[in-house]
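Each residue of the sequence shown is one higher than the one before, starting from 1 at the first, in full-length UniProt numbering.
I should point out that these hints are in silico values taken from the structure, not numbers from a laboratory.
By construction, the Cβ of each residue, glycine as well, lies at the ideal position given by its N, Cα and C atoms.
Certain hints may be false.
[What the hints assert, rightly or not] Quick list of simulated restraints, FRET-style, between CB atoms:
id : residue 1 : residue 2 : range
1  : Arg35     : Ile101    : 26 to 36 Å
2  : Pro180    : Ala65     : 56 to 66 Å
3  : Arg153    : Arg35     : 16 to 26 Å
4  : Thr55     : Arg80     : 33 to 43 Å
5  : Asp140    : Asp177    : 37 to 47 Å
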Amino acid sequence: MVYNSKLSVFETQKAINLIKVKFEEELCNKLNLTRISPPLLVETNSGINDDLNGTERPVAFDTKAGISASVIQSLAKWKRLALKKYEFEVYSGLCANLKAIRRDENLGPMHSIYVDQWGWEKVIKEEDRNLAYLQSVVKDIYVCLQATERFIREKYPVLRQKLPEQITFFGCQQMEDEFPQLSPKERENEYTSMSE
1 MVYNSKLSVF ETQKAINLIK VKFEEELCNK LNLTRISPPL LVETNSGIND
51 DLNGTERPVA FDTKAGISAS VIQSLAKWKR LALKKYEFEV YSGLCANLKA
101 IRRDENLGPM HSIYVDQWGW EKVIKEEDRN LAYLQSVVKD IYVCLQATER
151 FIREKYPVLR QKLPEQITFF GCQQMEDEFP QLSPKERENE YTSMSE
């Protein structure tokens, strides 16, 4: 897969930063989130560092203080602990920017050893743990993505609209019923290409 940018290298860097700032602003406003700075390192035996699928080896080292530290691999556990630590109320939460090094990552156009990704988590009621609530949150996130896309296209008119007007939901069983001969990954590819 070859990526051909419509912007110069400098413009691309500026656009990436604008997108990050705008999307975070939209997301925090829409989902009632507060930006919290996550750790870069955790104590190796703290139990906070997720080993993702069990095969990754975090970058680890001993400190002068005699503590074994590891570069955090995922914020999943940390975000849940932070919700409690910061005493977030129902329907409020946090947004955090993970910066990590994953030395066992398979490299490609979408994957790097250096990881820079968002994560968010919010407190919800037990009765909100259902498909309808999940879909309503996804729709809110999609509104944030659309607002960010409009914003960046105003700054860089050479960029074209990529996001459809509405988001579509479909499940694994629906895809399997429609394309039983395909693998799960092939079904996903088929469905996403149908919506383009």
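Structure-based check of each hint:
no.	hint	verdict
1	Arg35 / Ile101: 26 to 36 Å	22 Å, violated
2	Pro180 / Ala65: 56 to 66 Å	58 Å, holds
3	Arg153 / Arg35: 16 to 26 Å	25 Å, holds
4	Thr55 / Arg80: 33 to 43 Å	23 Å, violated
5	Asp140 / Asp177: 37 to 47 Å	29 Å, violated
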